[in-house]
Amino acid sequence: MLLLSRRKGESLLIGDTVEITVLAVEGGNVRLGIRAPGAVPVYRRELYEAIRSENRDSAAAGVEDLSRALARRPVTPRSAAPAPVRRPRRGDRPSGPSDGPLPS
Amino acid sequence: MTRRPSVLKSTRFGVLRPDAGSILTLIDGLVGFPDQRRFLLVDHAGREDFGWLQSLEDGGLAFPVTDPRRHWPECRYAFSADDLRGLDLAPGEDPDVLVTVSVPAGGGLRLNLGGPLVFNFRRRRGRQLVQAPGAPVPAALPCSFSPVEKAKAS
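Chains as they are written, first to last, in the working numbering: chain G, 69 to 172; chain B, 14 to 167.
Bear in mind the hints are in silico, worked out from the structure with no lab data behind them. Ideal Cβ positions, reconstructed from N, Cα and C, are used throughout, including at glycine. Each hint should be verified, as a subset may be incorrect.
[Unchecked claim] Restraint-style ranges between C-beta atoms, simulated for each label pair:
id	chain 1	residue 1	chain 2	residue 2	range
1	B	70	G	97	52 to 60 Å
2	G	97	B	104	32 to 40 Å
3	B	118	G	101	41 to 49 Å
4	B	22	G	86	25 to 33 Å
5	B	30	G	99	48 to 56 Å
6	G	90	B	73	23 to 31 Å
7	B	56	G	110	33 to 41 Å
8	G	113	B	61	34 to 42 Å
9	G	135	B	73	12 to 20 Å
10	G	96	B	30	43 to 51 Å
11	B	60	G	101	40 to 48 Å
12	B	73	G	97	56 to 64 Å
13	B	107	G	106	17 to 25 Å
[Said to hold, decoys possible] Footprint (simulated), chain G over chain B, 3 or more residues, beta carbon under 8 Å:
id	stretch
14	60-73
15	114-122
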């Protein structure tokens, strides 16, 4: 791990496009300003890890697991939701890379 | 140019033959699964309120999903323009929203409200977001990762 010391107002550059600036240091808190291209997502680590953990738990479910959990739950009527799930329809055309063949 | 037919052997749903027009692309992959970008939305048998995002890269990988607004009509997310970047939504057009669902061993369901999947189904493009703390979901809807849905199976 690279270790660096920075003072308030000083920055780090990661490559040519990501800049992290120390805006304030107060007690145990460091306030950072991050400038990055939109294509570079920036996450709070604990939130990212929580979402990742939820996704992994979700991927562990089988069809029978979900059916069992839903067994006594009535289907939520579509009318209850202001914006129900709208499934893609066959007539909708894809765009971009989504219309390529499956990898072999 | 003739595209070769696409066939996926999935562990949950058997052989799937998605046509190009049914494939959803998650621009950045799923959080924790960055290489999984192409999916098929498969119905959960007998349930129109739950489905599965089946990976087209890995036949053994699928995620139960649902629209949280079907269960909590008051559910609101406030997405920034950056959140919706690359979805090709028309000005003022709202994204469709799904969340992944997990099935805890102790029963019930858990909805991943903190990591909504936003889609433009018309363009078949989507992205999973990592919502900032205090993201505007209704107070009655915990946006933490604790169980928020306890449909008891027994």
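Against the structure shown, which of the earlier numbered hints fail to hold, in ascending order?
-> Result: hints 1, 4, 6, 10, 12 break, sorted rising.
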